Amino acid sequence: MKILYVIHEFFPNHYTGTARFALNLAMQMQRMGNTIKILTYGETDDDLTMRSGKILYKKYFFNTLEVWSFRHDTMIPSIHFDIFNHEIESDICRFIELEKLDHVDMVHIIHPLRTGVIVQYFHKKKIPLIMTLTDYWTLCPRVQLLKPDNSLCNGPSGDKCSMECGFPLKKIADRIAASQILMKYPQVITVPSTLVKKIFTLNGYPEERFSVINHGLDYGQFHIMPHKTYSPGAPVVFGYVGPVTPQKGLDLLISAFKRVPGNILLKIYGTHLNQNEYLIRLKTNVESDPRIEFMGEYRYEELPEIFSGIDVEIFASIWYETYCLALLEGLAHSIPIIASDTIGSALEFLDNQSRVIFASRDQKHLMDRIKYIRDNPEVLYEMTQNICYPPRIEEEAISYEQLYWNMIR
Amino acid sequence: MLEWTGERYMPFIDPSICGAEIHYEHLHRYAFAAQYVHKKKVLDLASGEGFGSSLLAKNAQCVIGVDINHNAILHASRTYTQKNISFIKGSMLSIPIGGKKIFDVIVCFEALEHVSDHEILFQEISRLLKDDGILIISTPNKKTYTDETGYQNPFHQKELYFSEFCNLLKIKFHFIYLSGQRIVTGSSIYPLLPQKSIDTFSEFDIEHTGERFSFSENAEKIPAYFIAIASNSHLEPDKIQASYLIDLSNTETSRLNALVTEGNSTIHSLNQTLVGKDQEIREMRSHIESLNQTLVGKDQEIREMRSHIESLNQTLVGKDQEIREMRSHIESLNQEIVDRDREVSEQTARIQMFEQKVAFIEGSIIWQFTMKFHIKIVERLLPQQTARRKYYDLCLKGFRILLSEGPSSLWWQFKEFRAVQKMTSRGKKCISETVISFPFKEHTKSIDKTVSVIIPTKNAGHDFDNALNKIRSQRGIKKIEIVVVDSGSTDNTLEIAKKYQATIIQIKPEEFDHGKTRNLGAAKSHGDYLLFTTQDAILAGNWHIYRMLNFFDNDSKIAAVTCTQVPRSDADLMACYQVWAHYCKFLNINSDKIVSANSLHIPPQEKRRLANLSDSCCCLKRELFLQYQYAVDFAEDLELGLRLLNDGYKLGFLSSAAIIHSHNRNAAYFFKANYADSKLVSQILENPPLPWNTGGVRNFFAAIRLVYSKLCENLGEIQNDANKDPMIIIETLKYQMQKKEQNTRNNVCTDITLDNLFSDLDQLLQNAGDVNPDTEIYRILLLNYIHTLDAFSEYCKNYKTIQSINEDFVTTLFKLFASSSASSLGNFVLYLETTEKNDNVSNALDLFLRKGV
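Those protein sequences? They're chains D and V, same order as listed.
Counting from 692, one number per residue, gives the positions in the first sequence under this note's numbering.
Counting from 809, one number per residue, gives the positions in the second sequence under this note's numbering.
Simulated from the structure, these hints should not be mistaken for laboratory data.
Among the clues, some could well be false.
[As the list claims (entries may be wrong)] Capping the alpha-carbon separation at 25 Å, the derived lysine to any residue pairs in SDA-like fashion look like this:
| hint | chain 1 | residue 1 | chain 2 | residue 2 |
| --- | --- | --- | --- | --- |
| 1 | V | 1127 | D | 753 |
| 2 | D | 974 | D | 952 |
| 3 | V | 1106 | D | 976 |
| 4 | V | 1401 | D | 1098 |
| 5 | V | 1605 | D | 952 |
| 6 | D | 750 | V | 1131 |
| 7 | V | 1608 | D | 754 |
| 8 | D | 749 | V | 1123 |
| 9 | V | 1532 | D | 715 |
| 10 | D | 749 | V | 1135 |
| 11 | V | 1532 | D | 1025 |
| 12 | V | 1547 | V | 1520 |
| 13 | V | 1532 | V | 1156 |
| 14 | D | 693 | V | 1156 |
| 15 | V | 1605 | D | 1025 |
| 16 | V | 1307 | D | 1025 |
| 17 | D | 750 | V | 1106 |
| 18 | V | 1608 | D | 789 |
| 19 | V | 1287 | D | 974 |
| 20 | D | 693 | V | 1392 |
[As the list claims (entries may be wrong)] Far from chain D by the CB rule (all over 10 Å, computed), these chain V residues:
| hint | residue |
| --- | --- |
| 21 | 824 |
| 22 | 827 |
| 23 | 970 |
| 24 | 1178 |
| 25 | 1240 |
Just so we're clear, the structure is a prediction, and the values are computed from it rather than from any experiment.
C-beta: ideal position from N, C-alpha, C; glycine also.
Just chain D, same shape as in the assembly:
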C-alpha cells in the first residue's frame, strides 16, 4: 500500500508528540511492507531550494523515510489560525502533482494545521482520506481549549472566543465555518481517546464520525523492573515525568503535596519548554519543603532508570489532555498512576472506580489520594500487579492498516 502522511511539522526540526506519533506510525507501516511518504510544512526550514509559485519545497530523508517539506516563500501571520491557506492552494496542487505525491492509495492527515488546502485537494481527487485529531486545533485556535486565564473552555462560539480570548468576531466565525467544512472531507476521523471524541461530540459533530485508536508506545527501549513490595510506613517516592508547564498542573501538585506531611518524596523530571518563569516560580514555591526535588531534563532512553526510582507517578493536568503519552510510559514500566479526570489516556487506561483518579483542579481530592498512598503503601504492590500495559505502536499501526484496507476496499 502507498501511503502519504501529511503533518504540520516533522523531524528533525520538530519533535513534538504529534511528530513522534507520525514518525512511529510511518516507520512501523514501512516495516510492515508499505511504501511511505511524508508531506510536512517546514516552517523553520531555511534550505528549501525548489519553488512552485509562492511556495518553496525540498525532499529529504529522515531515518528511512522520504519526506517532502514545503512552506510559504514569505510567511503570513495568520498561518497558525487559518483553516485553509487558499493563497497557496494552486501552488500546492502543482507541487503535489509535479512530485507525484498524489500517486498513493491512502492519505492520512496527521494534523490539519497549515495543511487544510491539502486535505481539500485530496478530497477533490477522491483519494481515500483519513484524518487524526491529536489536539483541539480545529475547534480552538488556542489549541488546548484553555482560556487566557487557564480556565477550561468547552468549545468555540464567536462571541465567547471574541470576548474571552480576544479573537476578532468575524474571523472566529469564519474559522468555525471553515473548520466544519474541513471536518467533512475525510471519510474517517480518528482520535486518540474517548475524551477527545466526547469533546467534539459536545461541539455538535456526530459521534459516528470518530473512531478511537489509542496511540501506542515504542516498547523497544523499555525494560520492566522487578516489582517492589512495600511495608506499612515505608517511604513512598512520588514522581512526575513530563514537560513542566502550567497546563500540567504542577503548581497544584506541589501545593497539595506540601500540605501532606509524612515520609514521602516528590521527584519532578522534565524541562520547562520555554516557560522558564513557571519553573522558577515552582522552585521558589518548594524551597521550604526539602521533600520535593526538581531532577531536570531527561532523555527517553533514561526512562527505565528514572522509573526504577519512583513508586507512584502523579499527573495533575488542568486541561482536557487528549492523550498524555508520559502517563502511559509510566504504566508501561509498571508504575501505579494517580491522575486527574481530564486526561484522555487516564480515563482510557485507569480504572475510574479505583483510588487513582481525582477531580481536576481539586487540591483536596488530590491530597486525599496522596494521603491514602502514604498511609497504605502496601497497596502499591497490588496496583502494580494489576496494571494493564498500554498499547504498543505496532498495535496502533495494525489498527490503522486494517482501517486503510477497509477504506480502500
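Chain V: place on chain D using the hints.
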C-alpha cells in the same frame, strides 16, 4: 431712519445693542440743561437725532438745533415737530445763523471733542450767545475715557483733560461752574407719598476696597464727563444743583442681570466643558500611563531582541562552521563523483563492447538466417498465445539449459516442471479459499467459553511479562487460563508466570519437543478452546482472542484459526522482510479467509500456503486438538494443518487479528534454521529433493564458501554506498556476483557469525575449504541467491534510502545468502539421505546444523 454708527446718540437704540449707560448720560445731560432754559431762546449745537432739542423745547421759548449731518437734520425735523423748534443743517465752526447775541442759552453736548479747532467754536458761541447768556457744554474726560481704558473713539478729534477744559472756558467766560458726570452704582432713598418735595439731598459715598465696602469721606469722584455752565454774567450757585437721573425701568440693571445670567450660563457651559476637558485630561493621562507601560514593554522587547540577535549571531557562527564542514563534505562528494564517473566510463566501455558484439552477431550470417527463420517461419507457423508456440518456447528453453547447464540439469528441471504442471492443474480443482467479511464491534456479547493459552517457555526474557499482560487484558471471553510449559528457565520466567496466575508445568530441557511439549500443555488445560502461542508473541489489541473464537462461527468445519503477524518496532530489516514475505506475499493474508482442500495432491508450496498454521498464534477446539495433537518436533503446526485439511476440516486465516512477533537473528542462525526448514518441511510436504549430481557434501560446502567469499568482496565495495537507493545496490550486487572474473577488491566485508559457523563446519567437514568447489553447485547457489535478492528487492522498494540502516542492510544481504545457500544444502542432504548416499560426514553435518533450532 438714522443708523446707529456710534458717532451720535439715538434714543431709540436698544440698550442690548449699545448699553443703557449712553442713554442715561445723554438724557441726563439734556434733562439737566432743561432746568436752565425756561422761556429762553436756545441753540442746541450738534443736535443730532433731535431728542435733546425737543426736550429743551418743552421749557424754552424756542430752540434751534444745528447739526452737520443732513440725514440727522431731516430725521429731527420729521420726528420732532413742536412749534417752537427748528433744525438747521450746518457746522458748529460756522453756524448758519446770522447776527450776534441772539440766544439766552447755548447747549453743546459731546460735540467739542468732535472738532479740533476749539477756539473757532468758542468764537461762534460767543458770537451768538447773549452777554448774560449761558453756555452749557459737556465733553469726555480724556483721562478716564481714553487713557485709562485705552479706547480710541474714531469720531473724536481732540479730547481734553480737566485743566485743558477749564483753561478753554476761561478764555471766553468769567464765571464757570463745573460739574462731573458719571454712571454710578448706588441706592436711592426717596419719598413714596405725595409730600413737600425735598430740595436737598444727602450724599453718602462708599467704596469697595479689597474685601468690603466702606464709607469714604473726601474721596475724589473722578467724572467720566465734564459738564460746564459758563457765562459772562454772574451765575447763582444755589440754582445749580447736583442732578440725578433715575431709570424706573432698571434697564441697565436688567441688562447687566441678563448679561450676568448669560455669563452664568456661559460659565455653566464652560464648567461642563471643563468637566469634559478634565475627563479628557484624565483619559490622556491614563493613555500616557499605558503608553509609558507599553514603552517599558517595548524596552524589554528591545532587550530581548538584542539578546535574540546575539544568540542568532552565535548560531551564525555555528552555521559558518557547518558551511565549512559542508564544503569539506562536498569536496569529498566531488571526489566520489570523480570515482563514479570513472566507473561509469568503465561500464560505458563495457556496454560499447557488448554493443559491438551484438552488432557482430547481428551481422553474422547465422544470426540473419536465424532471424529470417524466426520471423518468416516461427512467427507464422507458431503465433503467440498458442499451444504450439508454448511448446516451441519450452523446447527452446530446454535447449538453452542443455547448452548452458548440461543434460543433468535439463533432466531434473524437466521433472520438476512436469510435477508442478500436474499438481497445479490438479490443485486448482482441489483448493477452496473463501474471503470472509468479518465486521467487528466492541462490547458485543461476551463469549461464554474458557480459553486455555498454551505457552512453551525457556528463559523468556522481559517481553514475556508484556505477552502475558496482553493475554490478561483480553476482553469478551468468560475465562482465560494460562498454561506455561517451562523447560528449565533460569531467569525470572516462572516468577512472571506466577504473577499472572499461570498453571506451570516444568519439564527438563532435554525433554523439550516442539510438538510434544505443546501436547503436554494442552493435556493439562481445561479450556473449551486452546490458543497456542509463544513466549515472545504479543497479541495485538484487547479483542484478539474474542475475534479468533468468533471466527469459528463462520463455518462449523473450521478446526483451527491462525492470524497474520507484524514485526516488532525494534525488528531488524531481515526480520521485517521475513514477516512480510511470509504473511503478506506467500500466505497472502490481506483479508480474513477460510481455506479448505478436497485433496492435497497439489504442489508442495501450495500445500504449505494452505496449511501453514502458526504456533505463534493458533486457536483450536480443545476436543478436536486432543484427537489430532502435534505429531512432529519441527514444523508441527504445518503438519497439523495438513492433516486437518486432509480430513476435510477448514482453516481460518485472519488479517483482522494480528500478533506482534519477529526475531532479530544473526546470519549463522538463518543458515541453520533454513537448513532445517528446507530439509524437514520438504519431508512434511512430501516434496522430493532435487536430483543433485555432485560429488559430496564437502564439495557442496566448498561451493558455498566460494559464493560467500565473492559476496564478501562485493559487499566490501558497496557497503559504503549508504546514500544510494537500495534497489541500485541490489542490482549492482547481482551484476557483480554474476561476473565471471574474480574481483581484486581491497575492501572485504564479512559476517562474523558466518565466519565462525563456517570455521566450525570446516573442522567438522575435515577442511572442506581445501576441496575444489563444485562449479555446478556454485552456479546453482549463485542463481538461488540472485532469485532471493530479486524477492528481497520487491520489499526493498519501500525504502528509498538505507542511510540510517546501512549496517543492517549489509547484514541482511548476508542473512539472505545464508538462507538461500542453507536451503540448497538442506535439499542436498535430504537428497543424499533419500538416495542413501549419506555418509558419516553428511550425518555429522546434519546433526550439527539441526542442533539448537
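Going through the hints against the structure:
As the CA atoms of residue 1127 of chain V and residue 753 of chain D are separated by approximately 21 Å, the hinted pair is consistent with the 25 Å bound. Restraint check for residue 974 of chain D and residue 952 of chain D: the C-alpha separation of about 19 Å stays at or below 25 Å, so the hint holds. With a C-alpha separation of about 30 Å, the suggested pair residue 1106 of chain V and residue 976 of chain D falls outside the 25 Å cut-off, and the hint is violated. With a CA separation close to 18 Å, the supplied pair residue 1401 of chain V and residue 1098 of chain D stays within the 25 Å bound.
For the proposed pair residue 1605 of chain V and residue 952 of chain D, the alpha carbon gap of about 62 Å is over 25 Å, so the pair is violated. In summary, the hint linking residue 750 of chain D to residue 1131 of chain V is supported, as the alpha carbons are separated by about 20 Å, within the 25 Å threshold. Between residue 1608 of chain V and residue 754 of chain D, the direct Cα distance comes to roughly 10 Å. Compliance with the 25 Å bound is thereby established for this hinted pair. With a C-alpha separation of about 22 Å, the suggested pairing of residue 749 of chain D with residue 1123 of chain V holds against the 25 Å cut-off.
This hinted pair checks out: residue 1532 of chain V and residue 715 of chain D have alpha carbons roughly 24 Å apart, not beyond 25 Å. Pair hint residue 749 of chain D plus residue 1135 of chain V holds up; C-alpha atoms about 20 Å apart against a cutoff of 25 Å. Restraint check: the Cα-Cα separation between residue 1532 of chain V and residue 1025 of chain D comes to about 43 Å, which exceeds 25 Å; the hinted pair is violated. The suggested pairing of residue 1547 of chain V with residue 1520 of chain V holds, with an alpha-carbon distance near 14 Å, which does not exceed 25 Å.
Between the alpha carbons of residue 1532 of chain V and residue 1156 of chain V the distance comes to roughly 20 Å, so the proposed pair stays at or under 25 Å and holds. About 35 Å separates the Cα atoms of residue 693 of chain D and residue 1156 of chain V, which puts this hinted pair outside 25 Å; it is violated. The hinted pair formed by residue 1605 of chain V and residue 1025 of chain D fails the criterion: a straight-line CA distance of about 39 Å is larger than 25 Å. In summary, the hint linking residue 1307 of chain V to residue 1025 of chain D is supported, as the alpha carbons are separated by about 13 Å, within the 25 Å threshold.
With a C-alpha separation of about 40 Å, the suggested pair residue 750 of chain D and residue 1106 of chain V falls outside the 25 Å cut-off, and the hint is violated. With a C-alpha separation of about 18 Å, the suggested pair residue 1608 of chain V and residue 789 of chain D falls inside the 25 Å cut-off, and the hint holds. Distance hint between residue 1287 of chain V and residue 974 of chain D is unfulfilled; the C-alpha atoms sit about 50 Å from each other, more than 25 Å. Pair hint residue 693 of chain D plus residue 1392 of chain V holds up; C-alpha atoms about 15 Å apart against a cutoff of 25 Å.
The claim that residue 824 of chain V lies off the interface holds: its Cβ sits roughly 57 Å from the closest Cβ of chain D, which is beyond the 10 Å cut-off. Distance check for residue 827 of chain V against chain D: the nearest CB is about 62 Å away, which clears 10 Å, and the non-interface claim stands. At the 10 Å boundary, the C-beta of residue 970 of chain V stays outside the reach of chain D, the nearest C-beta of that chain being 80 Å off. The beta carbon of residue 1178 of chain V is kept farther than 10 Å from every beta carbon of chain D, the shortest such distance being approximately 42 Å.
Residue 1240 of chain V, annotated as away from the interface, keeps every beta carbon of chain D farther than 10 Å; the closest lies near 21 Å.
Consistency note: the structure conflicts with the earlier hints numbered 3, 5, 11, 14, 15, 17, 19.
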